[in-house]
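Engineer: Sequence:
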Amino acid sequence: MRLSHARANFPDGFVFGAATSAYQIEGHALGGAGVTHWDTFAATPGNVVRAETGALACDHYTRYAEDLDLAAAAGLDAYRFSTSWARVLPEGRGTPNPEGLDFYDRLVDAMLARGLKPCATLYHWELPAPLADLGGWRNRDIAGWFGDFTEVIMRRIGDRVFSAAPINEPWCVAWLSHFLGQHAPGLRDIRAAARAMHHVLLAHGTAIARMRGLGMGNLGAVVNHEYAAPADGSPEAVAAATRYDAIYNRFFLGGMFRGAYPAEALEGLAPHLPAGWQDDFPTITQPVDWLGINYYTRKRIAADPGPWPGTAEVPGPLPKTQMGWEIYPEGLRFFLDRAHRDYTGDLPIYVTENGMANADSVQDGRVADLARIAYLDAHLAQVRQARADGVPVAGYFVWSLLDNYEWALGYDKRFGLVHVDFDSLRRTPKDSYHALKAALRRDN
215 MRLSHARANF
225 PDGFVFGAAT
235 SAYQIEGHAL
245 GGAGVTHWDT
255 FAATPGNVVR
265 AETGALACDH
275 YTRYAEDLDL
285 AAAAGLDAYR
295 FSTSWARVLP
305 EGRGTPNPEG
315 LDFYDRLVDA
325 MLARGLKPCA
335 TLYHWELPAP
345 LADLGGWRNR
355 DIAGWFGDFT
365 EVIMRRIGDR
375 VFSAAPINEP
385 WCVAWLSHFL
395 GQHAPGLRDI
405 RAAARAMHHV
415 LLAHGTAIAR
425 MRGLGMGNLG
435 AVVNHEYAAP
445 ADGSPEAVAA
455 ATRYDAIYNR
465 FFLGGMFRGA
475 YPAEALEGLA
485 PHLPAGWQDD
495 FPTITQPVDW
505 LGINYYTRKR
515 IAADPGPWPG
525 TAEVPGPLPK
535 TQMGWEIYPE
545 GLRFFLDRAH
555 RDYTGDLPIY
565 VTENGMANAD
575 SVQDGRVADL
585 ARIAYLDAHL
595 AQVRQARADG
605 VPVAGYFVWS
615 LLDNYEWALG
625 YDKRFGLVHV
635 DFDSLRRTPK
645 DSYHALKAAL
655 RRDN
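In this text, residue positions in the sequence shown follow the working numbering: the first is 215, and each later residue adds one.
Think of the hints as simulated: they come from the structure by calculation, not from any bench.
If you're wondering where the values come from, they're calculated on a predicted model, not measured in any experiment.
Note that beta-carbon positions come from the ideal geometry of N, C-alpha and C, so glycine has one too.
Heads up, a few of these hints could be off.
Capping the alpha-carbon separation at 35 Å, the derived lysine-lysine pairs in DSBU-like fashion look like this [unchecked claim]: (1) Lys331 to Lys651; (2) Lys534 to Lys627; (3) Lys534 to Lys331; (4) Lys331 to Lys627; (5) Lys534 to Lys651; (6) Lys627 to Lys651.
Each pair of labels, with its calculated beta carbon distance range [as the list claims (entries may be wrong)]: (7) Leu639 to Leu532: 46 to 52 Å; (8) Ala592 to Gly490: 41 to 47 Å; (9) Phe228 to Gln577: 45 to 51 Å; (10) Arg655 to Leu532: 52 to 58 Å; (11) Asp578 to Glu481: 39 to 45 Å; (12) Glu280 to Arg655: 21 to 27 Å; (13) Val452 to Pro533: 21 to 27 Å; (14) Gly447 to Arg426: 31 to 37 Å; (15) Ala243 to Ala279: 34 to 40 Å; (16) Gln577 to Ala652: 35 to 41 Å; (17) Gly447 to Arg307: 51 to 57 Å; (18) Glu450 to Arg320: 27 to 33 Å; (19) Pro488 to Ser218: 32 to 38 Å; (20) Pro519 to Asp403: 48 to 54 Å.
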């Protein structure tokens, strides 16, 4: 099975890449990295499948050359990676870990040597445990701590990265982790969630300013979106879906690009935001050069009689991935169109993550993940349509290059273009990898 959308269908300079994150692939027990709140969250019974951690993960820390060879051989233009705060600063502050800085130095040089554009994300969820002890994202001081980390790592690699973004998916850092309790630190507290939502944006703006101060350019923001569809046509369901959309999709874009939070989110969050939060927008709205959108699915939302926000997810009728997520490619075009129209104007927009979990296995040396090929093809069609609508979409990154540690789901869910046997750590490119490689050939 082949992809029907190839490099030739996109303009010169359009960037094709694959994405990963530090804790999910590197092997956090290696190289002097400090303890993170994910390590302690996973060590608490009931939080993570089989209490699995990222201690070894894919052993990318020692096998990065093999993995980057796979990315380059696929014909990718770029590799989106993240840096681990606790690997660079084991205590979150203070003395850097030389091994950590050296690793990211080698990693960036190895990308460049293979013709891959290094696309850096500073933070993909592994907060140093000593900072979690001080309140983590609930503590306003985290903006300064994160700014200091930004300077330490970008003084080392910032001269060679193609792009940089401070924080991957603020909704996951704040709401999923502090209100829903599904990710570290595992809180279910609206005050904690409101403060984390604001402070993650304050840290974003602080990091952008620090990188500008280092003379860096091509700086962006990466948000995740879910299409919120009312479960039915009732006014209550429509209002619930609007609230869900405000919290999930519009809160972070509104803060960064408009200096304002949506009214439907403030209905419940305003009493819990820190004093003087409105005064932080000059920092939060630091100009960026591009926006990254991560998109996977839609959710059908019904009204819930409980406390605010009064939303409940209900099963939908569409085909689903291994995560149980509905496959709704049209949502990607919706968010590309809306970001361009309502928030970013002429700024380039990248699809910084898109992909699916599938129950993949190696059979006779092959992984026949035809469902993933169909998923990618359908979403690439929406990217092309968005471009036809006039949206300046500048690139598309598949999540993920490798099967990896899938957070609270441990090693059960596989998103990779490359299969990883988590016992032997053997890499096996899947059919989707080969289909993408064929589509990216420059002689198509």
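Engineer: Could you tell me which of the hints above the structure violates, numbers in ascending order?
Structural biologist: Structure breaks hints 7, 9, 10, 11, 14, 15, 16, 18, 19 and 20.
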